[in-house]
Amino acid sequence: MDVSSTTDTHPTPVTTSTSADPDTLVQLLDPQGRRLDHPRYAGWAAHLDDDAVRGLYRDMVLTRRFDAEATSLQRQGELGLWPPSLGQEAAQVGSGRALAAQDFVFPSYREHGVALTRGLDVRALLRVFRGIEHGGWDPKAHNFHLYSFVIGSHALHATGYAMGVQRDGDVGTGEPDRDRAVVVYVGDGATSQGDVHEAMVFAAVTNAPVVFVCQNNQWAISVPTAGQARVPLSRRGDGVGIPSVRVDGNDVLATYAVTAEALDRARSGGGPTFIEAYTYRMGAHTTSDDPTRYRTREEEESWRQRDPIDRVRAYLGRAGRADAEFFAAVEAEAEELGRSTREYCRALTASPATAMFESVYAARHPLVEEERAAFEAYQASFAEPTRDDELHAPVSDARAAVAL
Amino acid sequence: MRRDPKVLLMGEDIGPLGGVFRVTDGLHREFGPQRVVDTPLAESGIIGTAVGLAMAGYRPVCEIQFDGFIFPGFDQITTQLAKLTYRSGGRVPMPVVIRVPYGGGIGAIEHHSESPEALFAHTAGLRVISPAAPADAFTMIQQAIASPDPVLFFEPKARYWDKAEVDVEAPVDLSEEAVSTGLHAARVVRPGTDVTLAGYGPTVKTLLAAADAAEQEGHSLEVIDLRSISPLDVATVAASVRRTGRLVVAHEAPVFFGAGAELAARIGEQCFYDLEAPVLRVGGFHMPYPASVHEEEYLPGLDRVLDAVDRSLAH
Ligand SMILES: Cc1ncc(C[n+]2csc(CCOP(=O)(O)OP(=O)(O)O)c2C)c(N)n1
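Chains as they are written, first to last, in the UniProt record's numbering: chain A, 1 to 404; chain B, 1 to 315.
Honestly, the hints are just simulated from the structure, not real lab data. Glycine is no exception: its CB is placed at the ideal position from the N, C-alpha and C atoms. Check the hints yourself; a few may be wrong.
[Stated by the list, open to error] Derived, one-sided and incomplete: chain B residues facing chain A with beta-carbon distance under 7 Å: (1) Pro16; (2) Pro40; (3) His111; (4) Ala170; (5) Leu174; (6) Glu176; (7) Ser180; (8) Phe285; (9) Met287; (10) Ser292; (11) His294.
[Unchecked claim] Covered stretches of chain A, going by a simulated chain B footprint (3 or more residues, C-beta under 8 Å): (12) 208-222; (13) 295-301.
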């Protein structure tokens, strides 16, 4: 284990900002499950009654169960790869539940919990990771764009979309069903990309209704956040004039509140916000990654103490806000989601190979038609299985070391 | 790296993790964080700072994690790295190597199986090479680092698991002559008399398998590993075509405007009277790299190569 050299490369940032200290993050629910006051943000979560908190709890449990199922499906060879969301449920569900139906989301590739809050059938996410399709769902059906695998690229798309919303006049009308905002999810590593910086510059100068949610899960594969920034990431916003906030990303009420405030500002014409949700990726980066190579068990254990689901359970359980029946019902629902996920995944089969020629262009294209015709003629020339099988290296070997 | 203290590696996750393919495994421990640099997650940053480091006398070897992620760095490569030597009238050499795991066949998701080599071959000022076998990878990377020019070093990721004996003690010729001319020399890896097959990187193994299969059907195929895409060793291929009269070029990248098109055109010019059949190309289709469920059909596999051989022989 080479943790010391990781530290060599990325010295802990020296900063005078007290906000670098996780204890001063915006928090509305402490790790023991006690609800806290906050002068600015408590009001944004004040209307969340027991029923609403039980809903957030349910979303998080379902997200975790779905994610665990997908992880095991990958282990069983049913998926090529899976990026687990374990540990980030509060950052995703809290921010996702703050959205209105007409808001539009640009996810990265780990936002399974956000997908769930959008009402997307999360099982459709598996189509990408089973290698059936590059997308697998209609972005417009739930205002949830396709996953983006080129780090940070979608931050510009979100900003451009928000500029479109602005031009449509759907900002600052005061009509609650009309005003819209756009949310983009990026990781801490992504903040180093030019695209993300450029998106923030465009958002700031155009006052676009876009909210940047950076889930700082402490690691970009093997590189700690200190390898991307010497100051809290939220300070990136200051440099371009975007109001920014750091929130305890393992606190579902706090992430809800800060996102709700940011969305309200965006929808009412107040422009962009940068949210740093301070959280932790409990699992591997993807199922191809080996976190023991770059981080310690102790670090993981210390974050386990701050589990986002445990604290809501403690909150609900303590004052009898939820009874055993409720917890059992959520458990049963999660089990059912796991079972149907397994079933759905195994039933996903390949489309005919000619499907790959579809949608290359929106309009007719002679070259694609020519190649498709040649391919079909070639395929038709086979009476028996092909000779290719002998040559292909065992895919499992190749996959062993492939990261996302 | 032991020989030249000016050589340094830069890339994402190449340090303690050893890279996602573990190509740099152990180097961080031996050479430390100043020479094996885990960079921030920014490809334009990696290439752009490598340009500056090269100006300061260093020899950066950049790793791009996957083929599909070279594009955030494309601007720096094509508008800056490729042109500085020319713009400076030769006063500013750019000894930068960019290692790119590329190609398909590993069942990966989107952006993880691309073959962008033609985009770089089309750009003057860059050398574009791709080894097909372990021993060649070992010598070519050293020659690439020794080169005073920027080299795009495309590593066929589907061949990372191939094993062969490599004599790591044998001296590698790093003379100017070896680097400037030897690095781009194609190699006949299997002699034959009926049809010439030419390819590079991941497809060479496919071509050799095709030659094996064809032998059982009574055809003798000559296989050429081009090794370099830019410059292209047309002379070696032309010499072969003059004997066989036939050429099939294969690569994973799309056929349209691909490396095979350049080779076909040049062989057409130089071997017009020797050719018994038109030069045929086998490769990817004009589409984004498909979802992995279709990659077997997309890639120029054994059958598609043999089909082209049959078509060539039918002339
Ligand atoms: C442009 C680009 N470069 C490299 C990669 C390979 N890659 C995939 S995920 C990742 C780390 C991302 O870290 P972060 O932005 O913190 O997001 P997280 O995965 O932690 O949510 C890297 C380097 C990529 N997908 N895109």
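For this session: Could you tell me which of the hints above the structure violates, numbers in ascending order?
Result: Numbers 4, 5, 6, 7 and 13, in rising order.
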